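*Asks:* Sequence:
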Amino acid sequence: MGLSHGLCGAMKAALRQTAGRIMPQKRGLTMGEGMVSGGFRERAVMDNHKRPGALFGSMALLRGDALLALKGVCMGAADVVPGVSGGTMAFILGIYERLIHAIRSFDSEALKMLLKGDFRGAADHVAWRFLLALGIGILTAIFSLARLLSWLLRDHPIFIWSFFFGLIVASVLVVGRRVSAWRPLLFVAFMGGLLGAYWLVGLVPVAPPDTPWYLFMSGAVAICAMILPGISGSFVLVLLGKYQTALDAVNECDVVVLGLLALGACVGLAAFSRLLGWLLDRYHDAMVAVLTGLMLGSLRKVWPWKEAAAQINSLPPEWNGEVLGALLLMMVGFMLVLGLDRLAVRSA
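Numbering of the sequence shown is given in the numbering used here, commencing with residue 1 and proceeding in unit increments.
No wet-lab data here; the hints were simulated from the structure.
Computed from a predicted structure; not experimentally measured.
Mimicking DMTMM-like on lysine to aspartate or glutamate, the simulated pairs with C-alpha atoms at most 25 Å apart in a straight line are:
no.: 1; residue 1: K112; residue 2: D124
no.: 2; residue 1: K306; residue 2: E322
no.: 3; residue 1: K306; residue 2: D248
no.: 4; residue 1: K306; residue 2: D210
no.: 5; residue 1: K306; residue 2: D155
no.: 6; residue 1: K306; residue 2: E318
Let the sequences and hints guide you as you build the complete structure.
*Replies:* Following this line, the structure appears as structure tokens:
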């Protein structure tokens with residue numbers, strides 16, 4: 001009898017000891033799950049970085065940043081060429097929706113945190129790491145290609161404008177296909193955009209003003225176009241007569257001009273991008289129809305052959321090798337945009 005009591009006591013003690021070893025693990029697991037689900041995932045990740053294997057996590061973050069920077073290079077290369085949309089490139093690379101959400105993370109909530117001095121909360125609220133890595137890549141491409149494009153525009157204008165012409169003609173087709181169904185009212189909107197752009201481009205002076213307000217406005221309008229798939233921000237700068245100015249400012253590191261363009265771009269992202277997003281959400285087909293008309297009407301600005309004195313569009317004076325090369329470059333630009341659009345559709 002005493003032996004049986006002794007065995008039972010030993011078994012109970014063993015069970016209690018085993019339960020004591022198991023229960024903390026279960027409680028720790030539950031708390032860990034609660035921490036992650038309750039919004040403490042970042043803290044858990046930071047704690048993990050203190051462990052011996054944290055180096056691998058840091059390397060993974062750096063690889064992700066490097067990949068984002070490379071995608072930014074692709075977007076910057078697209079943005080610097082009129083007719084090629086950085087937004088389309090973002091679609092192809094699979095980061096467009098993430099880019100839009102990252103831009104919109106700079107909202108009133110983030111501003112309130114900054115005004116209260118909660119810099120850590122503001123940093124956690126906005127997607128600064130994503131935008132920083134992407135921005136480094138974009139700026140790298142812009143500063144790398146600006147000198148080449150300036151040389152082409154100065155020494156080979158017919159060839160480069162022919163290439164741009166083909167890019168924009170194809171962009172008209174690509175953007176026009178985004179309209180779900182072309183109804184009579186949409187054709188009216190399209191014609192309004194076309195005639196308005198054709199008339200407006202004719203009014204733009206040969207040498208637009210270099211005043212601060214005009215540079216600021218150019219940056220604000222161009223940045224809104226850069227985030228719309230199919231619409232080129234550089235093309236908007238061409239229409240406003242500030243494309244060459246922007247390229248020269250990049251090549252010469254003109255801090256004043258670049259600062260005004262950048263300040264306008266920041267204001268444009270903060271204000272106009274939300275308005276454009278709202279209009280596209282509410283009146284998508286009408287907005288796309290107007291944009292399509294604007295692009296088609298503005299081809300008047302980028303026609304390669306002009307009379308030198310009055311800058312009036314004209315036909316080539318004679319059929320020669322230069323004309324043949326220009327037509328071939330038009331076809332190359334046309335096919336390039338169609339190919340990028342096909343890749344974007346496949347990625348989507």
